[in-house]
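> My request is simple: use the sequences and hints to build the entire structure.
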Amino acid sequence: MVETREISALFTLIDDPDEEVFSTVSHRLVGYGRGIIPNLENLWENSPSESTQERIEMIIHRLHFSDLVVDFTEWKNSAYHDLLFGALLVAKFQYPDLQTTPVLQEIEKIRRNVWLELNSYLTPLEQANVISSIVYNYYNLKGQETVFTNPDDFFIHKTLQAKKGNALSNGILYLILCELLDIPVRAIQIPKHFVLAFFHNDYNPGSTNGQHNIHFYVDAATGQPFSHTDIDHYFKRLDIRSSARFFEPLNHVRIIQHLLQNLAKCFDSHQTAYKYDELMHLCQLLND
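Numbering-wise (this note's numbering), the sequence shown opens with residue 3 and increments by one.
Treat the hints with care, since some could be wrong.
[As the list claims (entries may be wrong)] Cross-link-like lysine to aspartate or glutamate pairs, in silico, EDC-like; alpha carbons within 16 Å at most: (1) Lys165 x Asp154; (2) Lys267 x Asp154; (3) Lys111 x Glu181; (4) Lys144 x Asp154.
Because the hints were derived from the structure by calculation, they are not lab data.
Encoded structure:
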């Protein structure tokens, strides 16, 4: 962007010690849109002050976040809420320059390897065993405990790069693959867990039959199947009364909200509280 007199004047005020002045300057610069980012990056490179560089980084972050709000709004208002695209939008919160093509290529490679081992005569459990064999053994995806110390654990491109993820990131990858392969696997609302379920092919979304719609369940982190009895034991252990709503599939918008809520927990310090607020803003944006 051509640096006008106004932009130059705003740049000279970035290091003003008055927070109110900086807030006004930041708001004005964000109003120019992402086209001003190269100018800000050049200013950052030529700034000897670390505090000024931090302020420039904050302005650049706000510019990216402004674009992300627009992208999430468009995704929410679209006719079809593509789960992979939603997960990539979440990753762009921390990695705004993320190149999506390598992610799409990697997922397609895994999908094709699974597809080559499937046939129309397999039972749902046999299908699950094929997926687990390819994804968790051949591809070597590892499951790890969900902790809130590293945001990268929740980003799909980082899960693919590191070949490890928690129940949420691995589970979303599993769901994306099953959707591409036309296998009726859905995430369900089991308390305190992100659980996948193999639904009957004739499942009716308006059904109230609860568990009767489901063949079995899958541990989203490891890909291991488990039974209705295992779920019942889990409820008894935690003294939870079973409810039909626990077995209703989560739609893609709710899954992405769940991802945003858990990612936000990684930013609970005073220094990163603004990121927590931004993620919760995105989460609220997806509400009906």
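> With reference to the structure, classify each hint as holding or not holding.
Hint by hint, here is what the structure shows:
A C-alpha spacing of about 12 Å is found between Lys165 and Asp154, which places the hinted pair at or below 16 Å, so the restraint holds. Using a Cα cut-off of 16 Å, the hinted pair Lys267 and Asp154 holds, with the two alpha carbons roughly 12 Å apart. Among the hinted pairs, Lys111 with Glu181 is consistent with the structure: their alpha-carbon atoms are about 15 Å apart, no more than 16 Å. A C-alpha spacing of about 15 Å is found between Lys144 and Asp154, which places the hinted pair at or below 16 Å, so the restraint holds.
Violated hints for the displayed structure: none, as all numbered hints are satisfied.
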